[in-house]
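Chains as they are written, first to last, in the working numbering: chain U, 1 to 611; chain G, 1 to 611; chain X, 1 to 345; chain V, 1 to 345.
It is worth saying that the hints were derived from the structure and are not from the lab. As the structure is a computational prediction, the values presented were derived from the model and not from experiment. Careful: at least some of the hints might be erroneous.
As the list claims (entries may be wrong) - What follows is a list of derived Cβ distance ranges for each label pair: (1) U:429 <-> V:265: 55 to 61 Å; (2) V:247 <-> G:123: 53 to 59 Å; (3) U:418 <-> V:17: 51 to 57 Å; (4) G:607 <-> U:96: 58 to 64 Å.
Yeah, the Cβ is synthetic: ideal placement off N, Cα and C, and Gly gets one too.
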Amino acid sequence: MRKQVEQIPAATVLFAGDSGDGSQTIGTQMTETSAMIGNDVATLPDYPAEIKAPAGSLAGVSGFQLHFSSETIHTPGDTCDVLVAMNPAALKVNLSKLKDNGILIVNADNFAQKNLRLAGYADNPLEDGSLEKYQVFPVELTKLNRDALEDTELDLSDKDQCKNFFALGMILWLYNRPMDYTIRWIKTKFALKYPHLIEPNILALRAGNIYCEATDQFATTYEVKPAKFSPGTYRNIAGNTSTVLGLVAAAHQSGLQLVYGSYPITPASDILHGLALYKNFGIVTMQMEDEIAAVGVAIGAAFSGSLGVTGSSGPGLALKSEAINLAMIAELPLVVCNIQRAGPSTGMPTKTEQADLLQMLYGRNGESPLPILAAARPTDCFDTVYEACRIAIKYRTPVIFLSELYIALGAEPWKIPDVADLPKIETEFHTQVDGFEPYLRDPDTLARPWAKPGTPGLEHRIGGLEKSDITGNVSYDPENHEKMVEIRAEKVKKIANEIPPTDIYGAQEGELLILGWGGTFGAIRTVVENRFADGQAIGHVHLRFLNPFPSDLGDVLNRYKTILIPELNTGHLRQLIRSEYLIDAVGLNKIQGQPFHVFELETEIDNYIRN
Amino acid sequence: MRKQVEQIPAATVLFAGDSGDGSQTIGTQMTETSAMIGNDVATLPDYPAEIKAPAGSLAGVSGFQLHFSSETIHTPGDTCDVLVAMNPAALKVNLSKLKDNGILIVNADNFAQKNLRLAGYADNPLEDGSLEKYQVFPVELTKLNRDALEDTELDLSDKDQCKNFFALGMILWLYNRPMDYTIRWIKTKFALKYPHLIEPNILALRAGNIYCEATDQFATTYEVKPAKFSPGTYRNIAGNTSTVLGLVAAAHQSGLQLVYGSYPITPASDILHGLALYKNFGIVTMQMEDEIAAVGVAIGAAFSGSLGVTGSSGPGLALKSEAINLAMIAELPLVVCNIQRAGPSTGMPTKTEQADLLQMLYGRNGESPLPILAAARPTDCFDTVYEACRIAIKYRTPVIFLSELYIALGAEPWKIPDVADLPKIETEFHTQVDGFEPYLRDPDTLARPWAKPGTPGLEHRIGGLEKSDITGNVSYDPENHEKMVEIRAEKVKKIANEIPPTDIYGAQEGELLILGWGGTFGAIRTVVENRFADGQAIGHVHLRFLNPFPSDLGDVLNRYKTILIPELNTGHLRQLIRSEYLIDAVGLNKIQGQPFHVFELETEIDNYIRN
Amino acid sequence: MKSKRASGIPRGVPTLTQKDFTTDQDPRWCPGCGDYSILAQTRRIMPELGIPRENIVFISGIGCSSRFPYYMNTYGFHTIHGRAPTIASGVKMANPDLSVWVITGDGDALSIGGNHFIHLMRRNFDINVLLFNNRIYGLTKGQYSPTSEQGKSTKSSPFGSLETPFNPISLALSAGATFVSRSLDTDTQHLRSIIKAAFEHKGTSFIEIYQNCNIFNDGTFFPYTKKETKADNTVFLEHGEPLVFGLESDKGIELNNFQPEVTTVSNGTENLIVHDQFAENTTLANFLARMSDMPDMPHPIGIFRSVQHTCYEDLMTDQIAAAKQQRGEGDLDALLHAGDTWIVE
Amino acid sequence: MKSKRASGIPRGVPTLTQKDFTTDQDPRWCPGCGDYSILAQTRRIMPELGIPRENIVFISGIGCSSRFPYYMNTYGFHTIHGRAPTIASGVKMANPDLSVWVITGDGDALSIGGNHFIHLMRRNFDINVLLFNNRIYGLTKGQYSPTSEQGKSTKSSPFGSLETPFNPISLALSAGATFVSRSLDTDTQHLRSIIKAAFEHKGTSFIEIYQNCNIFNDGTFFPYTKKETKADNTVFLEHGEPLVFGLESDKGIELNNFQPEVTTVSNGTENLIVHDQFAENTTLANFLARMSDMPDMPHPIGIFRSVQHTCYEDLMTDQIAAAKQQRGEGDLDALLHAGDTWIVE
Ligand SMILES: Cc1ncc(C[n+]2csc(CCOP(=O)(O)OP(=O)(O)O)c2C)c(N)n1
Ligand SMILES: Cc1ncc(C[n+]2csc(CCOP(=O)(O)OP(=O)(O)O)c2C)c(N)n1
Ligand code: SF4
Ligand code: SF4
Ligand SMILES: [Mg+2]
Ligand SMILES: [Mg+2]
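For reference, chain U alone in the conformation it holds in the complex:
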């Protein structure tokens, strides 16, 4: 008996369980399927600490939230339509995210005494009436899955490893989605190392699907139609992958060899892992002994005429700061990626935050101005890091690329760019011997010549001591020092010429401008779309360049009564804006290791706009 199918515009599903329960895997698979059938998608993986917490404990809960839609969306959703909780801890941690009357699927087999206690439940919530306002579906998931795999040769624990696909089978059924994509994935994924697991996982997936079909569990199923995308070829992509591809593209388009020096750290390690695969692009990845060595090899490579790139997260960036300063005064192209995580100190390595902006601007001794670009969403990592490379090469300066855990791990559909359309990256190595001086500058960009070792006649010496204008010789001359400090500042200021006029979404002037940067984009845009559609005089500007600011930014800001700056920190951009423009910008600050919810912004906006 086929159930009733309800058309809905969008849905949010949250898979949650123990770290070992495979919620990330099925979340990703549900995302892939949704993307492939044409939905817009946005995801929020929520890992526990880097290291395993005890099974069944609250600290060990791993979640994956997916928002898929027939319309353009920007966030993984504030609340969920469906919560899949594989154990009591997963329920406890995530229940507040479930909408009233939302669908709650729990693995009833895991709601025994021990797990309840570990999750801190005095009574079994499945029995004490506390879940009344939800549609609760207790499913004996472990048992049903074991039954389905009865005929396989797996032992019990291996069988249980498949039960996440049972759950996925159910959800695919609930949303009327095909199993093909997942089946194909299972086949390739396990082909090499674990071929014996292919069949059981597919069996589990099918069993979950059939279970829904055969029982009367769900009265209604749902359908979310494809979203309207502009024509093109799409793939689903996470921010870190997008960063990797942006770097490969920049190397390819500049004709330079990419040398990536790094030391593993959450959540930047994926960039090292990703780039390490592309040796056939001539890419060199060097895992070094620490972050200082990692930036060191990148600087050496830049001196040698390669595209030197290094990447890390906050604590690693602190260590790199002395060497970045050397690259700054040596005026070498270098791209420094900071995939921010929640600090201070070791902080919460698997949680998101935007609190490294001021560190990136000022965390070096002396006057050390550097351009800073931040990506706004997973797909934007590609363009932003590509732009960072282009500017580093053109202006011969280290450039900071900021990403953050939330967009680094989150995924969304990406319209794959045409390689021919990528911005040009012109790489000019100096070869002319006549009149060569290591610090004689291009008058437009103030870039000094890139004269790489191996070029006859251009032998020269550089270093970290203050250098004489033009000749680059060591100089302690007072006026020269001031001049060089000014030139280096001026060079960064000139990069404002690369920034297009500020693009304002929504009202072009009026009551309220929301000024954002980085991963807050999705939440801000969603709110402004809604409110602007409602006729409010609200606009949104999202900065890619945090240094220098766009030349027209001051003008833009002056067109609004209030400037609101939401940030996942105590107000870094706000401080810069206030100081630069003497505008009483107000902040909305959240420092919880979590992205903004749309409603949090909505509530705040109501303080400034009343209809």
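Given chain U, put chains G, X and V with the ligands in place with the hints provided.
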């Protein structure tokens, strides 16, 4: 025939020569003598690069400027009354500092072809009329000195090493000062290692003196009478020594053992050298393998219940930032000294600058607020670093102490404080087992208990991961993280309670307030004294606390039409003030590795105050 | 240099139990991780050392292994990556009576922390260092480490790593370590005895522990730890004893012209190398350290070197005592008035 | 691992002279400093190597010694304290055809840069490292360094330093260095020959140079460098030759039970240690390294070890070549379209 003696209120003498010529030594001796006879003094040693430049070259010139006065003074003087130039390079580098009609004493023996060429003189300035506007005294100093030492057993090169004292003998005569202090110093200085040099150096000193007495060189001699000081015992002291004594005093008064971890770096090494001498105060100095290890031992010592202190300069501070952040989140008392030098990168290690303020505030990942105190002058280093220790201990937080090369090496008379008058430093180790929680705070200071290893019953674990309020257990809880970030910020804000009401010198309101911090004190105060005396509505506020700001600062700033912030950087404090108070503060910025001249401030002031 | 400071860490009569060293925090390691056994042995041996709990401090860096202090009911500090030796040095210097333990991993100690590691060895604080060598970065989920074998394929080296691995024993010896040893996560009794010996040694004691990371590098040490293969692939070092190994204790090691050879014990033991852990000269210890790099040679387990050199903290304490004796206890007022002063009335 | 990349640094016929390697910057060292001789020997030997000037890069850290690149008319980079090995690695990796030289001091290489130093050794880039060991921090005006003898009184250790010094040769060996040697600032011919041998060695070549800092540590190496005492206090290593030294070449060194003894050559040379610089096994090299720490034993000068291991840059180049062969030269368009894609029309 005794010459005419003219009474003058003050004089400035500049000794300059090759690095090996001993200008620093005789400059210091002239300072000591002037201080001992009761003048107020201010000095400006100007070293060449850390490493020897070729003899006779411009880069190798070392200078020592001394301002001594019968009135209170704050700077080493913009220009000089007397310049002693031991060679052409010293003349070339320093001539611009000599007043018109000033006295120029040169060692004529060094004005031969080779040295002139090294200094870049086409013609001999002693002969080409270019020195017309000065009173030039070419003295065959090398020869005269050799003659004087004829009867000693020294070889020529050793004899020549004494000629600086010949020059000093001349200057002492010129200013009618006794030779006793210098003779006593020579005797103690060389007693142990080079007793055979005592007699020759004294001979040279006397010979210089007699030479003036015997010849008709100087028509006039000068006398600068003692200045009026408040009653007390005085000594002459340089900033780094003052810092060392402040640290020793803080350890002594707190009853804590001082553990100083450091790695040598100009200009902070002297603090390591100084503290290393005071083992009988129980002071432990540890020269570590790098700056990270240096702050590491200080943190370990703080955890163990000692007063942990570390010190370095800009590049070293960059390296320490990750560990300082650990101390911040672990909430351990720690004092971090940054003796700033000119950056960026290695920069100009022997020149002064104030460009590390923003690095100290923001150079750490995540939200990491720390109190910052800056010393204003050499003697102020004592009080400021003492206060830094007191606050670190009371609030259980790392505290940054900022000094800078200019005041670190400069010297002035210091009224030695009465030990009994030093502010109390209360050190409370937690011992109470009942109710002990590692992050249960003192409600007044928000300090957590200092429960040192070795205390029975208080065994606990701390670390760099975010910690739960009160228990200090590792926590990834979103609300807890926000709360802890807020508490740590609040704790630093509360330190404003320790700051006395802002002391305004000069006009208490009106046209112009000059807001300064650090070593710009002397130049600013001199200007404001002059202009205020002239009846201008000008005031001076000098901040010791850069974080937090004094609670009344906003009010104070609002009482003036213009706020002018002179800094030896591109405007660090100005940015903070603008952002915090939305005041259009203007900057006067000099980035030349040199302190402000008084006239530079005067010129700037005229833009804001017209009579 | 010799120190006048004779006393070591004050000890009492053992009264505590293993339980006293257990905190309320559940260990956060993967089930089956070798770290569990090391924790268990440490908790078991602690009471035997006779030190009051409050005088024990565990300091770690960052890594799976570095979570260790949270599970020991003593003072503890989970610091930052690679820097535990520096913080531990500060703790010990500030209070030499504390028993200080550094917990570190192969990445923590030998990658980012390599410099502090070797400098700690030469300073010779009376600190005990337990290096959990699993030849992988566990916490960051499986990149190769400085002890990973060359050619290892990991997330960060999909085509094989390029570096020659460090030999931690050799590195420690060359840095001047006074106590250098190796043990195994699974040989619980040996591990306890080595931990105890490390504690009894006054000076920096280094223990390399072969530790299985069953998630990212499962079985890397199985040849040396598994019953079936252990006897043939390891040789247990005993001071004064010849190097004999094998299931039947039938194999011995000779040295011919600096080159080791495995011989049959039944042919006589006179030519076998005799272990001397107390030799000041490190030639033998170095040879033994490098033996594990040679193909087909067994890995030595036990104490490579144990010699008495004066500890940094004792020398420092002596200098302070000497200074106090010579110049008298510091007098702040006199210090402030040192040098030339003058009085204004 | 072996590499398929056979080629070393491209070389031509020597045509340059010492003058070609001299810049217009006057050296800024104190008169009499040992650095002058090292600079002179380097400039003199460079032409003989037959590399075009533009293919030579000198990289240094910070210290008196680290000023060196300013005086060599090649490419040069005066970087930051301790980090020269990392920057040099990047330079070499990006362009393996360059001849890369690291200039460093005992503080630069072994104090702040100790970790990079040992990791450089194990990576085995074809880079040459000249460590100017003057057992002091020169540039910062005289604090003790990691090679200063214990008990040394300096500005920062007025009552004597407490640490046991590092032995740079031993440290390099334990880190896996493939070429390890020692020379003297004043033995100009030997120094040149060692610099040349270091260059000829493919892999990281380490030269410790005893260098006199006549300002802050005058004479520390005089026993080994001064005519009167040199012969009795040094032994020059020659491959395949017995260890013989002394003014009359009358003394030899035997090893008895891992303990060296000085004997008289006239009693026969059969028992003398014969040097083998090509031994893979480092037992002998380690022993020789530590000999200089033993009282009354001569300091070995020359090449301790020289073995062929594949260089990091060659292995990396191989991996890239293999990847290109297997998967074809990277196709950006294909890469961007990898994985599941869908088309919206
Ligand atoms: C400055 C810094 N860089 C990098 C990291 C990330 N990180 C944490 S632990 C670790 C390595 C862990 O390996 P190991 O020391 O062998 O410990 P294990 O987890 O294997 O026990 C790394 C790279 C960090 N926390 N801090
Ligand atoms: C990060 C940093 N820390 C400290 C310094 C100061 N410093 C410069 S050189 C040096 C040591 C020099 O000793 P060494 O390496 O032996 O070289 P030498 O001058 O003796 O040739 C130090 C501590 C610095 N420049 N940078
Ligand atoms: S990842 Fe490896 S080392 Fe870390 S806890 Fe798991 S098994 Fe142990
Ligand atoms: S201080 Fe020493 S090492 Fe430095 S240049 Fe002078 S003599 Fe040479
Ligand atoms: Mg490990
Ligand atoms: Mg040195």
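Hint check results:
The given range of 55 to 61 Å is respected by residue 429 of chain U and residue 265 of chain V, whose C-beta atoms sit roughly 60 Å from each other. As the Cβ distance of residue 247 of chain V to residue 123 of chain G is approximately 57 Å, the hint placing it in 53 to 59 Å holds. A beta carbon spacing of about 55 Å between residue 418 of chain U and residue 17 of chain V agrees with the range 51 to 57 Å that was offered as a hint. Separation of residue 607 of chain G from residue 96 of chain U is about 60 Å and conforms to the stated range, judged on CB atoms against 58 to 64 Å.
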